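Build out the structure end to end from the sequences listed, making use of the hints.
Residue strings, one per chain:
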Amino acid sequence: MARPDPKRREAWPLYWDRRVETMPWDELVRLAEKKLRYIVSFAYHNSRFYHRHLDEAGVSPGDIRGISDLPKIPFIVKDDVRHKIQTEPIPYGLHPGLPDSYHYKIATSTGTTGRPTYNTWSPGEEAYARDIIARNFWAMMMRPGDVYLNAWRMDFNYAWGVRFYKTAWMMGMKVVPHGSTPIATMPQLTRRTIEELRPTVVGGTPSGLYHLARMMVEEWGIEPPFQVVHTAGEPLVREVRKKLQDIYNTEYVFDFFGFSEVPFTEMSEDPWFEGDHWWFDAAVFEILDPDTKEPMGPGERGELVVTSLINHTLPIIRFNVEDIAEYRLGPGGCGRTHPMFPYGVLGREEWLVKVKGLDGRFHYVLPWDVEAVVREFPEIKDYQIIKKTRLEHDKLYVRLEPKQEPRDPDEWARRFEEELSKRLGVPVKVEYAPPGTIQPPVWKKTYVVHEWKARK
Amino acid sequence: MPLVPEQPPEGVEREILDLLREAWGKLVEASDKSLRAGLPFAALPIKTMILPVLREIISQLDGFRNDFVAEPELELWPRIGEYAGGRLDFEVKRVRWEEV
Chain A
1 MARPDPKRRE AWPLYWDRRV ETMPWDELVR LAEKKLRYIV SFAYHNSRFY HRHLDEAGVS
61 PGDIRGISDL PKIPFIVKDD VRHKIQTEPI PYGLHPGLPD SYHYKIATST GTTGRPTYNT
121 WSPGEEAYAR DIIARNFWAM MMRPGDVYLN AWRMDFNYAW GVRFYKTAWM MGMKVVPHGS
181 TPIATMPQLT RRTIEELRPT VVGGTPSGLY HLARMMVEEW GIEPPFQVVH TAGEPLVREV
241 RKKLQDIYNT EYVFDFFGFS EVPFTEMSED PWFEGDHWWF DAAVFEILDP DTKEPMGPGE
301 RGELVVTSLI NHTLPIIRFN VEDIAEYRLG PGGCGRTHPM FPYGVLGREE WLVKVKGLDG
361 RFHYVLPWDV EAVVREFPEI KDYQIIKKTR LEHDKLYVRL EPKQEPRDPD EWARRFEEEL
421 SKRLGVPVKV EYAPPGTIQP PVWKKTYVVH EWKARK
Chain V
1 MPLVPEQPPE GVEREILDLL REAWGKLVEA SDKSLRAGLP FAALPIKTMI LPVLREIISQ
61 LDGFRNDFVA EPELELWPRI GEYAGGRLDF EVKRVRWEEV
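From first to last, the protein sequence lines stand for chains A and V.
Using the numbering used here, read the first sequence as starting at 1 and increasing by one per residue.
Using the numbering used here, read the second sequence as starting at 1 and increasing by one per residue.
Calculated from the structure, these hints are not laboratory results.
Note that the coordinates shown come from a computational prediction; the quantities given were computed from them, not determined experimentally.
A hint or two may mislead.
Taking lysine-lysine and the BS3-like style, the derived pairs with C-alpha atoms no more than 25 Å apart in a straight line are [said to hold, decoys possible]:
| no. | chain 1 | residue 1 | chain 2 | residue 2 |
| --- | --- | --- | --- | --- |
| 1 | A | Lys-242 | A | Lys-395 |
| 2 | A | Lys-403 | A | Lys-387 |
| 3 | A | Lys-429 | A | Lys-453 |
| 4 | A | Lys-166 | A | Lys-105 |
| 5 | A | Lys-166 | V | Lys-33 |
| 6 | A | Lys-174 | V | Lys-33 |
| 7 | A | Lys-387 | A | Lys-356 |
| 8 | V | Lys-93 | A | Lys-174 |
| 9 | A | Lys-403 | A | Lys-243 |
| 10 | A | Lys-387 | A | Lys-422 |
| 11 | A | Lys-381 | A | Lys-395 |
| 12 | A | Lys-7 | V | Lys-33 |
What follows is the structure, given as structure tokens:
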């Protein structure tokens, strides 16, 4: 596999900001806890929601001296934001910590699960967000002079596509605002853009970039020019990374994570591939046991709870993002001292399927477990997990789509039922999906179909 | 009265222009120093985001000058990788605003 141009390492410093990226851990914690005391106090005195929230919990800002005090404040979830916090007055409810004279950029969630939630940021927050993204982009070896094919959503009130665009521009890259939609709907434009502009960096979802890679190699027969591939929006399964590295012929295929409410939680890998770096001067996190909600330590898998140290406009304190993750403390081989998430963020809690395994014990299956198996079989084009209940299932239901119609679809399905069952250790039922049934992603792929929700 | 004022401004506009030129000089120096000190987080945003806006405002205040686009201090870095048709690299022949 070709290593990208070595000048990327030689011509520029290793760190975007070496002072903060390599700060000794105890200093970093002191800094984060100082910021935490400040932001909790700020939120209490300015956001009507947080004032009420802390009062109801019997907590005063002075009770929060450090990260270990955070569990005194009840966590909130996205549904709380939608139904309790951002209600009246529309659109932000009691949430804001700054008047709208400070609001500068507005974005919303897609609203696919109900009323959209609103995000707005001040100029200072946006500048900080770009700085944090630049740390990640720099860690992912993007450099001034790169041509960045921005294959992120640039529409639907989506904040990240524009933010990535501006960050790449700020770093001295040459940015192509391609967006994600043309890859699925106008592939001829994508093809021409890649062939004629020869971008050196591409950013998009793993499923979108996998789809793009297959088109480039199998349909167009063109050699991918990308030296750096950065994915986000969905976990980057290690098997998919390997595929992308092979197809794009670069080892620089990186995972990046961030979530809408807090543009300071972005984390990404670097060429050491030890995990995604969480920037602890910008946001602190806790990992909670999914059942007991008790704090968990390094190496334990649980729910990710985030407190932003920067959000003033819409403060975010103890936000349970309902994603599953685990962390370990640094420093990494790169010298960065911030905590790392060895597997990135593993996925939505609602994607978990609890199945009684062949060994008699319960197994928790995520889409990536299935993905790891199906990507080994080139005859499988795509897959989806079907959830019939909220969590517990008698078997794992998987919809599989072949690249080409097999002679006997029933036999084909039975073959992969056995293969998946053997590899995952749980009983599997494969539902055959004729070619063309599972649509390529315009944005994020639908990994899990919630049939149980449709029946409710 | 010419349609395009070629004379530098006077009064408060002159004061603003002088302040901005002073800021320009300091920012160019800060960006260069940051670059040499290995601090891209300071050097690059100043160069790519602050200086172009500042230079454009200076040019507008200074008689709608049109020479800010090819300003040497605003030159960035050559692209990494190749153009489909070969490298695009040539020396810019500058046109002096005062001479046209």
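Against the earlier hints, flag every one the structure doesn't satisfy and list their numbers going up. When the structure is compared with the hints, only number 1 turns out to be violated.
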